[in-house]
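Protein chains in written order, with the numbering used here: chain A, 1 to 76; chain B, 77 to 236.
No wet-lab data here; the hints were simulated from the structure. Glycine included, every Cβ here is placed at the ideal spot set by N, Cα and C. Please note: incorrect hints may appear among the correct ones.
Computed far set for chain A versus chain B, every beta-carbon distance over 10 Å [stated by the list, open to error]:
id	residue
1	Ala-22
2	Met-29
3	His-36
Simulated pairs of lysine-lysine, PhoX-like, Cα-Cα distance not exceeding 25 Å [stated by the list, open to error]:
id	chain 1	residue 1	chain 2	residue 2
4	A	Lys-46	B	Lys-82
5	B	Lys-126	A	Lys-24
6	B	Lys-125	B	Lys-193
7	B	Lys-82	B	Lys-171
8	A	Lys-74	B	Lys-81
Cβ pair distances, simulated, as ranges [what the hints assert, rightly or not]:
id	chain 1	residue 1	chain 2	residue 2	range
9	B	Met-142	A	Lys-24	30 to 40 Å
10	B	Met-206	A	Gly-32	43 to 53 Å
11	B	Ile-215	A	Ala-76	29 to 39 Å
12	B	Leu-157	A	Asp-3	53 to 63 Å
13	B	Phe-224	A	Lys-24	26 to 36 Å
14	B	Tyr-235	A	Asp-3	45 to 55 Å
15	B	Lys-175	A	Gln-6	23 to 33 Å
16	A	Gln-54	B	Met-206	30 to 40 Å
17	B	Thr-181	A	Gly-12	16 to 26 Å
18	A	Val-65	B	Tyr-235	24 to 34 Å
19	A	Lys-33	B	Met-206	42 to 52 Å
20	B	Gly-109	A	Asp-9	19 to 29 Å
21	B	Asn-137	A	Glu-64	28 to 38 Å
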Amino acid sequence: MADFDQELDASGLNCPLPILRAKKTLNGMESGKILHIIATDPGSVKDFEAFANQTGNELMESKEVGGKFEFLIKKA
Amino acid sequence: MSDEKKLAIIATKGSLDWAYPPFILASTAAALGYETEIFFTFYGLQLLKKNLQLEVTPLGNPGMPMPMGMDKWFPVLGLALPGMQGMMTGMMKRKMASKGVADLTELRELCQEAEVKLIACQMTVDLFEMNTAEFIDHIEYAGAARFFEFAGQSDICLYI
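Just chain A, same shape as in the assembly (with noise of 0.2 Å):
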């Protein structure tokens, strides 16, 4: 997985609350920042690519690591 400027982990969290947590910590990060997110609600995966196709923050990695997802969002 790629360099990150910032983690979030969201384990045990269930919709929307991963989202949510997602977007606030954006918000105090700089545009070009990678955001990197850790979650274990499965319906967080279609979330979080609707959130970034919405958003127009980019979406670089989703995957899953040991029953975990976990995602690489740039700030737009």
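Got chain A; can you put chain B on it based on the hints?
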């Protein structure tokens, strides 16, 4: 007028289960960049109280999953027994906490932080003689025309 998308919601229900959809959808929409307003009317006003005391009832709700297959063999009349609603509410709350579902107060705060406008129906406040001191701060009191001012320009409009 901004070019942001807009979501208008009418929240009419005051039970623990039905409190979730308006706040989940509004907070998510706000995170996606929607300008969002929720108009609370009739029983929906309960969702604006500082001290939320919402319950869930199994009565008249054949879709509600019950523990130990109770919905299959337990007589419907039994669900009307005193204490049953409190028991179901407690079980629902524990279930939600164990599954990492957000606390309602937290979701509501997230909505307010994200500048979701919360509007209380003035007519309902008058009708039920509700004490506005019991409601959270930073809400608006208005009527149907105020709702349409925003809903008329909205991209999505939901009645919950």
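Going down the list of hints, with the structure as the test:
no., hint, verdict
1, Ala-22, "8 Å, violated"
2, Met-29, "15 Å, holds"
3, His-36, "18 Å, holds"
4, Lys-46/A to Lys-82/B, "22 Å, holds"
5, Lys-126/B to Lys-24/A, "24 Å, holds"
6, Lys-125/B to Lys-193/B, "15 Å, holds"
7, Lys-82/B to Lys-171/B, "33 Å, violated"
8, Lys-74/A to Lys-81/B, "22 Å, holds"
9, Met-142/B to Lys-24/A: 30 to 40 Å, "36 Å, holds"
10, Met-206/B to Gly-32/A: 43 to 53 Å, "49 Å, holds"
11, Ile-215/B to Ala-76/A: 29 to 39 Å, "32 Å, holds"
12, Leu-157/B to Asp-3/A: 53 to 63 Å, "60 Å, holds"
13, Phe-224/B to Lys-24/A: 26 to 36 Å, "32 Å, holds"
14, Tyr-235/B to Asp-3/A: 45 to 55 Å, "47 Å, holds"
15, Lys-175/B to Gln-6/A: 23 to 33 Å, "27 Å, holds"
16, Gln-54/A to Met-206/B: 30 to 40 Å, "37 Å, holds"
17, Thr-181/B to Gly-12/A: 16 to 26 Å, "18 Å, holds"
18, Val-65/A to Tyr-235/B: 24 to 34 Å, "41 Å, violated"
19, Lys-33/A to Met-206/B: 42 to 52 Å, "46 Å, holds"
20, Gly-109/B to Asp-9/A: 19 to 29 Å, "25 Å, holds"
21, Asn-137/B to Glu-64/A: 28 to 38 Å, "36 Å, holds"
The earlier numbered hints that this structure contradicts are 1, 7 and 18.
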